[in-house]
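Input sequences plus hints: build the corresponding full structure.
Chains A and B are the protein sequences, given in the same order.
The first sequence begins at 25 in the working numbering and counts up one residue at a time.
The second sequence begins at 50 in the working numbering and counts up one residue at a time.
Read the hints as simulated data drawn from the structure, not as lab findings.
Since we're looking at a predicted model, the values are computed, not measured.
Note that the Cβ used here is the ideal one computed from N, Cα and C, for glycine as well.
If you want the footprint, here are the derived chain B segments under chain A, 3+ residues with CB under 8 Å:
hint	segment
1	106–120
2	273–280
With the C-beta cut set under 7 Å, the calculated list includes, among others, these residues of chain B facing chain A:
hint	residue
3	70
4	71
5	72
6	75
7	77
8	127
9	139
10	140
11	207
12	208
13	210
14	211
15	212
16	213
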Amino acid sequence: MSINVIRPGLFSFFQDTGRVGFQHWGVPVNGAMDQDAHALANLLVGNPTTAATLEMTIQGPVLCFQAKALIALAGADLGARLNGAALKPGQAVCIKPGAVLRFEKREYGARAYLAVSGGYLLTPVMNSSSTYSRGGFGGLCGRALKAGDVIPICSSFANPPRLNIPSGLLVGERTSPVLIRVLHGREWPDFSEAARHAFLTEPYAMTEASDRMGYRLEGAGLELTQPKQLLSQSVAFGTVQVPAGGQPIVLMADRQTTGGYPRIAQVASVDLPRLAQLMPGDEVRFVLIDLPMAQQLLVTRARTLKRLEAAH
Amino acid sequence: MSDVNCDSWSLRAEQRWQFEPCGDSCIVVEFATVFSAQANRRAVAFSATLHDLLARGLLSGVTDVIPAMVSVGVHYSPDMFAVLYPELLPYDAVAEVLKDALTQQQNLPRITPKRFEIPVCYEGDYAPDLLAIANACDMTPGEVIAAHSGQWVDVLMVGFAPGHPYIGMHAPALKLGRRAVPRTLVKRGSVGLANCQSVIYPADLPGGWNIVGRTPLPMFSPANQPPCLLSSGDQVRFVPITAGEFEQLAVEQR
Numbered sequence: 025m026s027i028n029v030i031r032p033g034l035f036s037f038f039q040d041t042g043r044v045g046f047q048h049w050g051v052p053v054n055g056a057m058d059q060d061a062h063a064l065a066n067l068l069v070g071n072p073t074t075a076a077t078l079e080m081t082i083q084g085p086v087l088c089f090q091a092k093a094l095i096a097l098a099g100a101d102l103g104a105r106l107n108g109a110a111l112k113p114g115q116a117v118c119i120k121p122g123a124v125l126r127f128e129k130r131e132y133g134a135r136a137y138l139a140v141s142g143g144y145l146l147t148p149v150m151n152s153s154s155t156y157s158r159g160g161f162g163g164l165c166g167r168a169l170k171a172g173d174v175i176p177i178c179s180s181f182a183n184p185p186r187l188n189i190p191s192g193l194l195v196g197e198r199t200s201p202v203l204i205r206v207l208h209g210r211e212w213p214d215f216s217e218a219a220r221h222a223f224l225t226e227p228y229a230m231t232e233a234s235d236r237m238g239y240r241l242e243g244a245g246l247e248l249t250q251p252k253q254l255l256s257q258s259v260a261f262g263t264v265q266v267p268a269g270g271q272p273i274v275l276m277a278d279r280q281t282t283g284g285y286p287r288i289a290q291v292a293s294v295d296l297p298r299l300a301q302l303m304p305g306d307e308v309r310f311v312l313i314d315l316p317m318a319q320q321l322l323v324t325r326a327r328t329l330k331r332l333e334a335a336h
Numbered sequence: 050m051s052d053v054n055c056d057s058w059s060l061r062a063e064q065r066w067q068f069e070p071c072g073d074s075c076i077v078v079e080f081a082t083v084f085s086a087q088a089n090r091r092a093v094a095f096s097a098t099l100h101d102l103l104a105r106g107l108l109s110g111v112t113d114v115i116p117a118m119v120s121v122g123v124h125y126s127p128d129m130f131a132v133l134y135p136e137l138l139p140y141d142a143v144a145e146v147l148k149d150a151l152t153q154q155q156n157l158p159r160i161t162p163k164r165f166e167i168p169v170c171y172e173g174d175y176a177p178d179l180l181a182i183a184n185a186c187d188m189t190p191g192e193v194i195a196a197h198s199g200q201w202v203d204v205l206m207v208g209f210a211p212g213h214p215y216i217g218m219h220a221p222a223l224k225l226g227r228r229a230v231p232r233t234l235v236k237r238g239s240v241g242l243a244n245c246q247s248v249i250y251p252a253d254l255p256g257g258w259n260i261v262g263r264t265p266l267p268m269f270s271p272a273n274q275p276p277c278l279l280s281s282g283d284q285v286r287f288v289p290i291t292a293g294e295f296e297q298l299a300v301e302q303r
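The following block contains the structure:
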């Protein structure tokens, strides 16, 4: 049982909850950029949230299913059409052999996730099916989909679970600038008063030079009070570092494991999915929260997902 | 929060470690703010202790432990800690667990580092910057090779790319900066030298270090168990080999 790739789309990679436990050897975590949408796609077809999904960015692929399958899309609306009829994210559908899923006009968001009930048959590398394209491993042959690829699937014919999806988990159209909650970074006190003020009041735009490794933002320049030599330290998904040019970079799913640039802030994990759905040119504004608040939001989100998983 | 912590560093000097959040899902244990071999070894030893606890299933909720130059990053799942310690903020709960591990560690025997001899060819195209290094250090190429090889040196950390080690510290004579213009492509196995440290490029990568030689040994193979040859805290000695020996070893590695 398989899916044939007719056209690959712009960047279509298999991703999961990430390659955890190998960062001490310099291995990036990778994983879905929008972990909420990834989890939701899986939950809609009755998979565990750790199963791999296909992450599709901006321009989706054309896929032909060679078997009966239960599938779901979540995250961005990239204009999916199943045998010509619109297929909206956030629902599970049963499809017949020969069905063609294609993507036309993007409506909102940047990244959509396709889950197949029973999962894709991929060979895990270091306990994960996430694709690390720079390293050339994980997912399908360690790279993005290509035309002619055949994706083996393990089809399951279970009925779709009945789920009440909280609206907070659905991606929608957002007003600009998008509000992103942040915590203080390690070097926050080392930035000038003007830089700290600008960071929390001025809009920052996502530039074209942004990818799964990091988002390069453009806005008011951020200067340190005085130059500072830093030793490499652990960084995380959402670390906002500021190299010499003064423009911030938000580290994303394919980030390096350690970094040595001053860190002005850290995006609250609960808002990373929102960041993952930005398009180049979109503007964000950063809002400061404290650590107890960020952890409470994250724990609440995790419990919501666990409840949905338990409802299978 | 951070202002207070910066001031309290000196106050807590006798304790010799400090916890810092790196967002809501990572905590960093800092052993110093500037490099010292002693602080690096403390970070490596603490990381080894945590990896041992992880392997024995005694660190529930911790996902990654990453030793860096003088610190250890611990990634954790706040919702797991919220379940295990419902009375505490997840960050405070992790800090308590780490504090216990740090206190108990002081009674543990010292670990003997693993030692690896790394064959390096310092000849011709394998060593494109050898002459420039010799000029910058006011040495002959032979003196550079002698200073770079022969001594046992520490793997200070692994980072930048999968299996990419930072190795040091070499003799003070090898204190030269990085190249003014980084290369867009450095060949896999190249050994870079700068600021009395070496790196080994585990794959074809961009890089700005001065290339002193090349090893035929693979540093990282995703399918291997473990995937990475060197870990923080190991010791290596570079052993000069000829171009002929390099090619023979490279064939054997395939």
